[in-house]
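There are 2 protein chains.
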Amino acid sequence: MISNELLKGSLKTIVLKLLKEEGPMHGYALTQKVEEMTRGKIKLTYGALYPILHKLESEKILGTASEIRNNRIRVYYALTPKGHSVVTEKIKELTEFIESLQQIVQPKPGFNYA
Amino acid sequence: MISNELLKGSLKTIVLKLLKEEGPMHGYALTQKVEEMTRGKIKLTYGALYPILHKLESEKILGTASEIRNNRIRVYYALTPKGHSVVTEKIKELTEFIESLQQIVQPKPGFNYA
DNA sequence: TAATTATATTTAAGATTCTTATATATTGCA
DNA sequence: TGCAATATATAAGAATCTTAAATATAATTA
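Chains as they are written, first to last, in our numbering: chain V, 1 to 114; chain A, 1 to 114.
These are calculated hints, taken from the structure and not from any lab test.
A portion of the hints provided could be inaccurate.
Since the list gives no way to pick one copy over another, a pair counts as held whenever it fits inside one copy or between any two copies.
[What the hints assert, rightly or not] No more than 30 Å apart at the CA atoms, straight line, and that leaves these computed lysine-lysine pairs for DSSO-like:
1) Lys-82 / Lys-55
2) Lys-41 / Lys-17
3) Lys-82 / Lys-43
4) Lys-55 / Lys-20
5) Lys-55 / Lys-92
My request is simple: use the sequences and hints to build the entire structure.
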């Protein structure tokens, strides 16, 4: 498993991206989805995830709907209209960041920096 | 330019990778190199870079040699033997992290999570 | 010549974000 | 009955980054 130190900073964008693709999700499902997509390499911790979700909600980037399921509360998070406009920019930024990291870690042979 | 929020966590590995590939470098040169390699998309700030360098030095992962150049001090950082063994692992971890991020942001079509 | 840009390192204060641990509660399986 | 899985929340502390300020010289430009 990848040390989550690396995850710092990109967690927010990952959450937004998943909500965009998958539609409304609850916190626990987000951790499952990320673990599944990365074959167990990235595991979100609840201590990091829930505060991020709450913050995005307070910023009106996410909205919530709660339901009681099996006597357990389940809070679904979904992108607001504002969230939809934010997520596009965030994904673009993360994509560029990934490309930049690759350029450092695995430079394309013959790549000309100038 | 990419917001350095994303950089949190990977800065250390980037520094180690560059010192492995380029040999001893001083702090200012590291900022230049990263900016050049990422075509200006990643800019290291000194407030983030120098504390990291000092910390890696205190952990014996980096060693230093100073020289006076044009009446300005220049501190060269280089991997110690311990640093060489650490950097390999760190780069592997960062590579896996990049792959995982890509799997989330740009999933390969037909990829089977199971 | 004066001003600006580039080179070069350091550190403090504050903000943000993550880790770890704890708390609570139900369902299903062995 | 005990354990694993499901589900959310939060507090304390650690780690890391941002912003700003301090210091100093060389080279370029107006």
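Consistency of the hints with the structure:
1. For a Cα distance limit of 30 Å, the shortest separation of Lys-82 from Lys-55 inside one copy, 14 Å, qualifies, whereas the shortest one across copies, 40 Å, does not.
2. With identical chains, the CA atoms of Lys-41 and Lys-17 are at most 30 Å apart both within one copy (18 Å) and between copies (21 Å).
3. In this homomeric assembly, Lys-82 and Lys-43 come within 30 Å of each other (Cα to Cα) both inside a single copy, at 27 Å, and across copies, at 29 Å.
4. With identical chains, the CA atoms of Lys-55 and Lys-20 are at most 30 Å apart within one copy only, with a shortest distance of 17 Å there and 39 Å across copies.
5. For a Cα distance limit of 30 Å, the shortest separation of Lys-55 from Lys-92 inside one copy, 21 Å, qualifies, whereas the shortest one across copies, 32 Å, does not.
Checked against the numbered hints above, the structure violates none of them.
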